Amino acid sequence: MQRIGAFVCWCGSNIAGTVDIDAVTKSAADEPGVVYSAEYQYMCSEGGQLAIRRAVEEHGLTGIAVCACSPRMHETTFRKTAAAAGLNPYMVEIANIREHCSWIHKNRESATEKATILMRAAIAKLNLNKPLFPGESGVVKRALVIGGGIAGIQTALDIADAGYEVDIVEKSPTIGGRMAQLDKTFPTLDCSACILTPKMVDAAQHDNISLYTYSEVDEVSGYVGSFSVKIRQKARSVNRELCNGCGDCITKCPVKKANSEFDEGLSKRSAIYVPFAQAVPNIPVVDRENCTRFKTGKCGLCEKICGTKAIDFEQQDEIIEREYGVIIVATGFKPLSPERYGEYLYGQSPDVLTSLEFERMMNAAGPTGGVLKRLSNNEKPKSIVFIQCVGSRADAKKGKTYCSKICCMYTAKHAMLVKEKYPDIDVHVFYIDVRTPGKNFDEFYRRAAEQYDVNYIKGMVGKLADEDGRLRVIASDLLDGKQITIDADLVVLATAVEASPDVRALGTMLTASMDQNNFFTEAHPKLRPVESPTAGIFLSGVCQGPKDIPETVAQAGAAAVKALGILSKNKLIGNPCIAESNELLCNGCSCCENVCPYGAIEYTEKEINDHGNRNNRRVAQVNEAICQGCGACTVACPSGSMDLKGFTNRQIMAEVDAICRT
Amino acid sequence: MQDLVKEKPFKPLVVSFCCNWCSYAGADLAGSSRLEYPAEVKIIRIPCSCRVDPLFVLRAFQRGADGVIINGCHPGDCHYSTGNYYTRRRMAMLFSMLDFIGIEKERTRLEWVSAAEGARFASVMNEFVGELREMGENKRLGDIRCKE
Amino acid sequence: MSASALNDIREEVLRISGANPKKCMSCGKCSASCPASFEMDILPHHFVKNIRDGNIENLLKSKTLWKCLSCFACVERCPRAVEPANLVEAVRLAVIRKKGENYLKVDDIPEFIELDNEIPQQLIVSAFRKYSK
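Protein chains in written order, with the numbering used here: chain A, 1 to 662; chain B, 1 to 148; chain C, 1 to 133.
Wrong hints could be hidden among the right ones.
What the hints assert, rightly or not - Distance condition first, Cα-Cα at most 25 Å in a straight line; then the derived DMTMM-like pairs of lysine to aspartate or glutamate:
1) K458/A x E76/C
2) K49/C x E31/A
3) K11/B x E31/A
4) K22/C x E289/A
5) K49/C x D480/A
6) K234/A x E343/A
7) K257/A x D218/A
As the list claims (entries may be wrong) - Residues from chain B that keep clear of chain A, each with C-beta distances beyond 12 Å, as calculated:
8) N20
9) Y24
10) I43
11) D53
12) P54
13) D77
14) D99
15) I101
16) E104
17) R109
18) R120
19) E134
20) M135
21) G136
22) K139
Calculated from the structure, these hints are not laboratory results.
Quick caveat: nothing in here was measured; it's all calculated off a predicted structure.
Note that the Cβ used here is the ideal one computed from N, Cα and C, for glycine as well.
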C-alpha cells in the first residue's frame with residue numbers, strides 16, 4: 001500500500017478564489033492510501049516545496065499528489081522536489097485544478113466538486129504508480145550524412161566544425177549535387193559554382209569529414225546513439241590512393257558517346273570520366289556500362305596511359321561497416337520528367353528543354369559554352385517561351401499535388417539572364433500564379449517584368465505544335481479571355497521538384513516516415529521541422545520538401561545543431577514512460593509490431609517459464625531506446641500483454657473509475 | 001421524492017480523454033483564456049489519443065458515464081505521426097458497436113483539437129454537454145453490481 | 001428562371017457529370033487546349049467557374065454548349081482532373097432534357113452547318129436526335 005501525501009495549492013486566489021481549498025484538502029484525507037494532506041499558498045514556491053520534502057520525511061510518504069496548475073507547467077518542478085526528498089521522481093501525480101477547473105468555472109460549489117473529483121482521480125492513479133527508471137544508452141560520437149549536395153555539405157561542415165567526425169555518403173562520383181549544375185542563383189544572380197566549390201573543397205579537406213562518393217547506404221540497424229550502417233562503396237575501377245587526377249585517361253578514352261549526367265544528357269562524355277572539372281574528389285570513375293573493356297574485354301587504353309597505375313578493372317564493390325550516433329538525411333531531389341505530358345513535345349523536339357537543361361545551357365561551362373542556341377539547328381533563338389507549373393499543383397494522378405516553390409523564381413531568373421545577355425530575344429512566361437514569398441523575391445520578379453520587359457501571360461499552354469521547325473505555342477490569355485498563339489524557337493518547362501523514388505527504400509531502412517510524395521516527414525510541422533519522428537534521424541534540405549538554396553542551408557544548419565545536441569551527450573536519458581510487454585501473456589501475433597510507428601518492437605524466440613512450464617515462444621520485446629511511448633501498441637495488443645509504463649491500463653481505468661464514482 | 005429528483009437539473013457525467021501534446025494543451029489554453037465550459041467535463045491526460053483503449057470507454061459507460069469524448073491532434077499533426085489515424089479507425093468501429101447496443105452515437109465523440117485551439121476546445125465541450133443534457137441519463141451498460 | 005430552379009439545374013449538372021468544379025485552380029489549360037475555343041462565347045475555364053459560382057443561367061444560353069466537340073482534350077490535359085467537357089456535356093443534357101424546348105430546329109441548321117453534299121445524311125439525322133428533347 002502506498003503512503004500518499006496530498007498537497008492542495010491555493011495559487012494565491014487563482015484556485016482559492018473559486019475552489020474551497022479546505023474542503024478539497026479534507027476529502028483528500030479520506031481517499032485510499034492518503035496518510036497526509038495539506039494546503040499551501042503557492043505549492044511551487046520554495047516554501048511549498050520545502051513543505052512537501054518535510055512531509056515526505058515525517059510521514060514516510062511513498063507518493064505525492066499535487067492539486068495545482070497544469071502538469072505541463074510544473075510537473076518537472078514537483079518531480080525534482082520528489083527526487084530531492086529521496087523519492088522516485090515518477091511517484092508524482094498532478095491534478096490540474098487551475099486550468100481545468102478554477103479558471104473556467106465561476107460557481108464555487110461545482111468548481112469545488114470538480115476539483116475534488118480531479119484530486120481523487122490523481123490519487124487513484126498514484127496508488128498504482130511504480131517507480132520508473134529512465135533507460136540510458138551510450139552515444140557514438142560520429143554522424144552520417146546521406147547525400148552530398150549543398151544540404152549534406154553544410155550539415156557536415158557544421159557538425160565537423162563543432163568537433164565531431166562526420167561521414168558523407170554520396171551516390172554520384174562527386175559531391176556538389178544539384179547546386180553544382182546551376183549557373184546563377186536567385187535573387188542576387190551570383191554565380192553558383194563560385195559559392196559552392198569552396199564549400200566542397202572545405203568539406204573534402206576538413207579533418208573531421210570523410211567522403212564516401214560513388215557509395216550508397218545498404219543497410220541500417222540500431223537506434224539513436226548507436227546506429228550501425230553498411231555503406232557500399234561501388235567499384236570505381238580507379239584506385240583512389242594512386243590516382244593523381246591528371247585526367248590523361250579521360251582524354252585517351254576512345255568512347256566519347258556516353259550521355260553526361262551532369263549536363264542532363266545535353267553533352268557527351270567518355271566512359272572513364274569525372275562529372276565536371278571541379279569535382280570533389282577529382283578521381284575518375286569507369287562507367288562499366290559504356291566501357292569497351294567491360295563490354296568486349298578489349299581496349300584498356302586508360303590502364304596503359306595511366307602513369308600511376310591507378311586503373312584497376314578488377315576492383316570490387318567494398319562494404320564498409322560503421323557505427324553512428326546520428327544520421328542526417330540530405331537526399332535532395334530530381335526534376336520530374338515532363339515526357340508524360342505529350343502536349344509539350346518534350347523528347348520529341350530538341351528545342352523543348354527542362355529548366356535544369358536550360359540552366360546547363362546558360363552555364364559558361366555547359367554543353368554550349370554558355371551560348372544560347374536551338375539544338376535543332378544551332379541557331380540563336382528569337383523568341384523563348386517559359387511554361388511554369390509543369391507537373392506541379394496537379395491532381396495526384398496527373399503529377400505532383402504540391403507547389404514546387406522554386407520554379408517561379410528560377411524562371412524569373414532565366415528570363416532575366418536571357419534578356420541580360422540577348423536583349424533582342426522575346427521572352428514570354430506562361431504562369432498560373434507567380435508565387436514569390438521570400439526576402440527580395442517579389443522585387444526580383446517585378447524587375448524581370450518591369451525592367452527587362454519579360455512578357456508574363458496568365459494562363460496555361462494547351463499544346464505545342466511543330467510548325468516548319470518553329471514551335472507554335474497555343475495558349476489562352478486568361479486576363480484577356482482570348483486564345484493566343486506564339487511562335488517560339490525555344491520552350492523551357494519549369495518541371496516539378498520530385499523526391500527521387502528510390503529514397504523510399506532508404507526511408508524504410510531508417511524507419512523514418514515519408515509522405516505520399518516520397519518526402520521525409522518532420523516530427524512536427526511547425527515546432528520540429530528538421531527532425532524525423534524517428535529519434536536520431538534528422539532532415540536536411542529538399543528531402544523534407546521543396547526548398548530554395550537559402551532555406552536548404554538554413555535547414556542544414558538547424559539539422560546539424562539538433563544532431564550535435566545528441567552527439568555532445570555521453571549518455572542519452574530516455575523517457576521511462578514507454579511500452580512494456582508481459583512475456584507471459586504475449587502470444588506472438590505481431591499486432592504491436594505492425595502499428596508501431598518507430599519500429600521499436602522486435603520479436604525474439606525465447607524460453608519462457610510459464611509457472612514451471614518451460615517452452616520456447618515468440619515474444620515481443622520493446623527497444624527502450626527507440627520507443628517514444630505513444631501507446632498505440634497497448635491498444636492493438638489482443639492478449640493484453642502490452643502496457644505503457646506511467647499510463648498503464650490499470651492506472652487509466654482507476655482514473656475513469658474515480659471520475660465516475662459519484 | 002420523485003419530484004425532488006426531477007427538480008434537480010440533470011448533470012451529465014462526461015469523461016474526456018485528451019492527448020498530452022495537442023488537446024490537453026488546448027484545454028490548458030481554454031483555461032488560461034478563461035473560456036467557460038461545463039464543470040461536468042473531467043479530463044484524463046494520456047500521451048496520445050491512440051492510447052485510448054476501447055475498454056476505457058466501455059468502463060466509463062459501465063461506471064455510469066453519460067458521454068465520452070476523445071480529443072486528439074488534427075490528422076497529420078500527431079506527435080507520434082500516426083497515432084490519431086489509429087484512433088480514428090478504432091473509434092469508428094467502437095462507436096458503431098456502442099450505437100448497436102444502445103449507447104447512441106451522440107454520446108460518444110472523437111474531436112481534433114490542437115494546442116492553439118482553446119476556444120474550439122471550450123465550444124466543443126459546451127456543444128457536447130449541451131447535447132447530453134437534452135438526451136438525459138445513459139441507462140445502458142451500467143454495471144448494476146457496482147452501484148453503491 | 002427562378003433561383004431555386006437554377007440551383008436544381010446546377011445540382012443536376014454536378015450529379016450527371018460527377019465532376020467537381022471546386023478543384024479548378026483557374027490555370028486555363030482547358031481553354032488553351034480546346035480546339036473549338038475560337039467559336040465559344042464562354043471559354044471552358046470560364047464555364048467551369050460559372051458552374052462553381054452558380055451562374056447557370058447564361059450557360060444555358062451559351063454558344064459553348066453546342067460548340068464543344070466533346071473531344072475531351074480538356075479532360076485529358078486538365079492538371080487537376082476537373083473534367084470541363086463532362087460539365088459542358090452535363091449542362092447540354094440539362095437543356096436537352098427540358099421538355100418542349102428542342103434546341104435544333106430545321107431553320108437553325110444553316111446557322112452552323114453549311115448544307116452541302118459533303119455532309120453525310122447520318123450526321124444531320126443524329127444531330128436532330130441528339131439536340132431534340
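Report holds if the minimum CB distance from R109/B to chain A is greater than 12 Å, and violated otherwise.
holds (16 Å)
Checking the smallest CB distance to chain A, is D77/B really beyond 12 Å?
At about 7 Å from chain A, D77/B fails to clear the 12 Å cut-off, so the statement is violated.
Reported absence of R120/B from the contact zone with chain A (all CB gaps over 12 Å)
holds (14 Å)
Does P54/B really sit off the interface, with its C-beta more than 12 Å from all C-beta atoms of chain A?
violated (7 Å)
Check the non-interface label on I101/B: least C-beta distance to chain A beyond 12 Å or not.
Answer for I101/B: holds, closest chain A Cβ roughly 18 Å.
Check the non-interface label on D53/B: least C-beta distance to chain A beyond 12 Å or not.
Check fails; 5 Å does not lie beyond 12 Å.
Whether M135/B stays farther than 12 Å from all C-beta atoms of chain A, as the label says:
holds (17 Å)
Take the C-alpha atoms of K11/B and E31/A, compute the straight-line distance between them, and say whether it is at most 25 Å.
holds (24 Å)
Using Cβ atoms and 12 Å as the threshold, tell me whether K139/B really stays out of contact range of chain A.
holds (15 Å)
Regarding the assertion that G136/B does not contact chain A, is the least Cβ-Cβ distance greater than 12 Å?
Holds: least Cβ distance 16 Å, greater than 12 Å.
Starting from K49/C, check that the Cα of D480/A is at most 25 Å away, please.
Holds: K49/C and D480/A sit about 16 Å apart, inside 25 Å.
Is K234/A within 25 Å of E343/A, Cα to Cα?
violated (39 Å)
Comparing the model with each earlier hint shows violations of hints 2, 4, 6, 7, 8, 9, 10, 11, 12, 13; every other hint is respected.
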